[in-house]
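**Student:** What follows is the residue order along each chain.
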Amino acid sequence: DVKVTQSSRYLVKRTGEKVFLECVQDMDHENMFWYRQDPGLGLRLIYFSYDVKMKEKGDIPEGYSVSREKKERFSLILESASTNQTSMYLCASGLTGRRTGELFFGEGSRLTVL
Amino acid sequence: GNSVTQMEGPVTLSEEAFLTINCTYTATGYPSLFWYVQYPGEGLQLLLKATKADDKGSNKGFEATYRKETTSFHLEKGSVQVSDSAVYFCALINLTGGFKTIFGAGTRLFVKA
Chain P
8 DVKVTQSSRY
18 LVKRTGEKVF
28 LECVQDMDHE
38 NMFWYRQDPG
48 LGLRLIYFSY
58 DVKMKEKGDI
68 PEGYSVSREK
78 KERFSLILES
88 ASTNQTSMYL
98 CASGLTGRRT
108 GELFFGEGSR
118 LTVL
Chain R
638 GNSVTQMEGP
648 VTLSEEAFLT
658 INCTYTATGY
668 PSLFWYVQYP
678 GEGLQLLLKA
688 TKADDKGSNK
698 GFEATYRKET
708 TSFHLEKGSV
718 QVSDSAVYFC
728 ALINLTGGFK
738 TIFGAGTRLF
748 VKA
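As given, the protein sequences belong to chains P and R, one line each in that order. Following our numbering, the numbering of the first sequence begins with 8 at its first residue and continues without gaps. Following our numbering, the numbering of the second sequence begins with 638 at its first residue and continues without gaps.
Treat the hints with care, since some could be wrong.
Subject to a maximum C-alpha distance of 30 Å in a straight line, what follows is the list of computed DSS-like cross-link-like pairs (lysine-lysine) [said to hold, decoys possible]: (1) P/K64 <-> P/K20; (2) R/K693 <-> R/K714; (3) P/K60 <-> R/K737; (4) P/K10 <-> R/K737; (5) P/K10 <-> P/K60; (6) P/K78 <-> P/K20; (7) R/K689 <-> R/K705; (8) P/K10 <-> R/K689; (9) P/K62 <-> P/K10; (10) P/K64 <-> R/K737; (11) R/K693 <-> P/K10; (12) R/K737 <-> R/K689; (13) R/K689 <-> P/K64; (14) P/K77 <-> R/K737; (15) R/K737 <-> R/K705; (16) R/K693 <-> R/K749; (17) R/K749 <-> R/K697; (18) R/K689 <-> P/K62; (19) R/K737 <-> P/K78; (20) P/K62 <-> R/K737; (21) P/K25 <-> R/K737; (22) P/K62 <-> P/K77; (23) P/K10 <-> R/K697; (24) R/K714 <-> P/K10.
Here chain R is said to cover these stretches of chain P; the calculated rule only asks that three of the stretch's residues, wherever they fall, bring their Cβ under 8 Å from a Cβ of chain R [claimed, not checked]: (25) 36-50; (26) 105-115.
Restraint ranges, calculated between C-beta atoms of paired labels, are given here [stated by the list, open to error]: (27) P/K25 <-> R/K697: 40 to 50 Å; (28) R/K705 <-> P/K10: 28 to 38 Å; (29) P/I84 <-> R/Q718: 38 to 48 Å; (30) R/S716 <-> P/K60: 47 to 57 Å; (31) R/E652 <-> P/T22: 44 to 54 Å; (32) P/V19 <-> R/D692: 37 to 47 Å.
No wet-lab data here; the hints were simulated from the structure. Where is the CB? At the ideal position from N, CA and C, for every residue including glycine.
Just need the whole structure built from these sequences, with the hints factored in.
**Tutor:** What follows is the structure, given as structure tokens:
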């Protein structure tokens, strides 16, 4: 089975702190994604990457950056956390070719910014 | 642009009732359509998919048919169980727009014993 592992299930940070969310997948997928999930808004794409060192902005990239130095690892960085970034963050990896769009998700990281 | 609209929840049903969760989409070209399910405390899992018009995706008793004429992909199940209680997300990917999967807002389902 594909496994996508997010480093922290729950984090509490203070406004202005730098926050790292780590995600590792074990199935050699080219594509990786970071979404945030908020009630009533569903999942919104922050950033995605289709190859090592490649990244593309999603729909809500402001206030975030990402890093993909190795194929299996995709990190989300909040340079200076703010209270409006309190949310559930979901990492996913995905297939290409005829199975493009099939995503495998981690369990999520719930971030609270005080 | 591409978008997905699904019915607001929560939906509350008794065990063995029939389930329909409506989903409509806006997209140019021929997107692939998906339903994902999120059980409490877990990440999303792919439930079923359809890649072209009139395709029917099915899994675990759930099914959905890709209707291009009505731009819809409604999720149905003939007899729900308590274990089906979860949040259901409709999603699409339009390869002309790259690798971005677009999700609806989600519909929470409660099934009572």
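**Student:** Give a verdict on every hint.
**Tutor:** Here is what the structure says about each hint:
Between P/K64 and P/K20 the alpha-carbon distance is near 24 Å, which keeps this suggested pair within the 30 Å criterion. At roughly 13 Å between alpha-carbon atoms, R/K693 and R/K714 fall within 30 Å of each other, so this suggested pair holds. With a C-alpha separation of about 18 Å, the suggested pairing of P/K60 with R/K737 holds against the 30 Å cut-off. Of the pairs offered as hints, the one joining P/K10 and R/K737 holds, with about 21 Å between alpha carbons and a cut-off of 30 Å not exceeded.
Taking the CA atoms of P/K10 and P/K60, the gap is near 22 Å; set against the 30 Å cutoff, the hint holds. Only pairs whose Cα atoms come within 30 Å are accepted, and P/K78 paired with P/K20 is accepted, the gap being roughly 28 Å. Between R/K689 and R/K705 the CA atoms are separated by roughly 8 Å; this keeps the pair inside 30 Å, and the hint holds. Our distance criterion of 30 Å between C-alpha atoms is met by P/K10 and R/K689, whose separation comes to about 28 Å.
Between P/K62 and P/K10 the CA atoms are separated by roughly 22 Å; this keeps the pair inside 30 Å, and the hint holds. Between P/K64 and R/K737 the CA atoms are separated by roughly 10 Å; this keeps the pair inside 30 Å, and the hint holds. A threshold of 30 Å between alpha carbons decides the hint, and for R/K693 with P/K10 the separation of about 27 Å falls inside it, so the pair holds. Among the hinted pairs, R/K737 with R/K689 is consistent with the structure: their alpha-carbon atoms are about 18 Å apart, no more than 30 Å.
Between the alpha carbons of R/K689 and P/K64 the distance comes to roughly 28 Å, so the proposed pair stays at or under 30 Å and holds. Using a Cα cut-off of 30 Å, the hinted pair P/K77 and R/K737 holds, with the two alpha carbons roughly 21 Å apart. The suggested pairing of R/K737 with R/K705 holds, with an alpha-carbon distance near 20 Å, which does not exceed 30 Å. As the CA atoms of R/K693 and R/K749 are separated by approximately 28 Å, the hinted pair is consistent with the 30 Å bound.
Taking the CA atoms of R/K749 and R/K697, the gap is near 19 Å; set against the 30 Å cutoff, the hint holds. For the proposed pair R/K689 and P/K62, the alpha carbon gap of about 29 Å is at most 30 Å, so the pair holds. Distance restraint check for R/K737 and P/K78: the Cα-Cα separation of roughly 18 Å lies within the 30 Å cut-off, and the hinted pair is therefore satisfied. For the hint pairing P/K62 with R/K737, the CA-to-CA distance comes to about 12 Å; that is within 30 Å, so the pair holds.
About 27 Å separates the Cα atoms of P/K25 and R/K737, which keeps this hinted pair within 30 Å; it holds. With a C-alpha separation of about 12 Å, the suggested pairing of P/K62 with P/K77 holds against the 30 Å cut-off. A hinted pair counts as satisfied when its Cα atoms are at most 30 Å apart, and P/K10 with R/K697 qualifies at roughly 21 Å. In summary, the hint linking R/K714 to P/K10 is supported, as the alpha carbons are separated by about 28 Å, within the 30 Å threshold.
For the region 36-50 of chain P, the stated coverage by chain R holds: 7 residues have a C-beta nearer than 8 Å to a C-beta of that chain, and at least 3 were required. Counting residues of the region 105-115 of chain P whose beta carbon lies closer than 8 Å to any beta carbon of chain R gives 10, which reaches the threshold of three, so the coverage claim holds. Checked against the hint of 40 to 50 Å, the C-beta distance between P/K25 and R/K697 comes to roughly 42 Å, which is consistent with it. For the pair R/K705 and P/K10, the supplied restraint of 28 to 38 Å holds, since their beta-carbon distance comes to about 35 Å.
In this structure the hint that P/I84 and R/Q718 lie 38 to 48 Å apart at CB holds, the actual value being about 41 Å. Taken as a hint, the range 47 to 57 Å holds for the pair R/S716 and P/K60, whose Cβ atoms sit roughly 49 Å apart. The beta-carbon spacing between R/E652 and P/T22, approximately 46 Å, falls within the hinted interval of 44 to 54 Å. Separated by about 45 Å at the C-beta atoms, P/V19 and R/D692 satisfy the suggested range of 37 to 47 Å.
Violated hints are absent here; each numbered hint is respected by the structure.
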